[in-house]
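Enquirer: In order, the protein sequence lines correspond to chains X and C.
This note's numbering numbers the first residue of the first sequence as 1 and each following residue consecutively.
This note's numbering numbers the first residue of the second sequence as 1 and each following residue consecutively.
Keep in mind that the hints were calculated from the coordinates and are not lab data.
What you are looking at is a predicted structure, and each value in this text was computed from that prediction instead of being measured.
Every residue gets a Cβ at the ideal spot worked out from N, C-alpha and C, and that includes glycine.
It is possible that some hints are incorrect.
Stated by the list, open to error - Example chain X residues on the side facing chain C (calculated, C-beta under 10 Å, incomplete):
(1) Tyr25
(2) Tyr36
(3) Asn41
(4) Ser52
(5) Asn102
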Amino acid sequence: AQSVTQLDSHVSVSEGTPVLLRCNYSSSYSPSLFWYVQHPNKGLQLLLKYTSAATLVKGINGFEAEFKKSETSFHLTKPSAHMSDAAEYFCVVSDIRTDTGNQFYFGTGTSLTVIP
Amino acid sequence: EAGVAQSPRYKIIEKRQSVAFWCNPISGHATLYWYQQILGQGPKLLIQFQNNGVVDDSQLPKDRFSAERLKGVDSTLKIQPAKLEDSAVYLCASSLDPRASGRASEQFFGPGTRLTVL
Chain X
1 AQSVTQLDSH VSVSEGTPVL LRCNYSSSYS PSLFWYVQHP NKGLQLLLKY TSAATLVKGI
61 NGFEAEFKKS ETSFHLTKPS AHMSDAAEYF CVVSDIRTDT GNQFYFGTGT SLTVIP
Chain C
1 EAGVAQSPRY KIIEKRQSVA FWCNPISGHA TLYWYQQILG QGPKLLIQFQ NNGVVDDSQL
61 PKDRFSAERL KGVDSTLKIQ PAKLEDSAVY LCASSLDPRA SGRASEQFFG PGTRLTVL
């Protein structure tokens with residue numbers, strides 16, 4: 001069965017310092033992995049996705065993530081935090097089922113606070 | 001390209017009343033999802049449609065929630081009667097069917113409907 005664990009429910013960083021949001025997954029298949037961001041009172045926006053191509057994936061707003069199969073991890077990073085990065089971040093794993101198509105499994109989310 | 005549309009954006013009702021939410025997915029997206037997101041939690045899948053058929057409704061409280069996707073395009077989610085614990089944001093998302101390409105496709109989310117039950 002698929003599952004996602006986001007290791008930190010809250011992360012706080014100073015503006016201009018690196019961001020690391022951790023995600024581990026469990027999958028019986030070759031998974032696809034996604035990071036979504038949700039700003040207060042907004043819908044979810046895709047930051048980046050991994051679908052079995054390059055293991056280092058670059059996304060929007062300077063974020064990137066590396067797929068490490070041996071560690072079953074897909075951690076999200078950014079070299080320098082900006083105040084506008086303060087939001088909730090969700091790691092999502094997906095597989096393709098022959099009977100139902102996409103199935104998505106959400107992590108519980110990490111709340112990122114950026115301190116001026 | 002137009003995104004996923006949802007209406008209304010906000011709804012306040014009293015317990016035991018009924019409410020309906022509407023979603024229009026991105027054109028050509030075969031799969032449509034309804035999620036419930038309670039404040040401070042991640043989205044919880046309520047129901048997933050593939051075209052106009054239900055593929056997963058295991059977490060839908062069927063005694064009070066219902067959903068339909070007539071003609072495989074728009075969808076409506078209904079709650080009747082509402083309870084206090086139904087207060088949440090209801091998110092609609094859509095995605096392409098990955099089985100044609102063999103690659104997973106991401107979900108595109110609408111802005112959500114914030115429901116408050118008093």
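Enquirer: Does each hint fit the structure? Answer for all of them.
Expert: Hints versus structure:
1. Tyr25: Since the shortest Cβ distance to chain C is 13 Å, the answer is violated.
2. Tyr36: 8 Å, holds
3. Asn41: Because about 8 Å separates X/Asn41 from the closest Cβ in chain C, which is inside the 10 Å limit, the hint holds.
4. Ser52: 8 Å, holds
5. Asn102: 5 Å, holds
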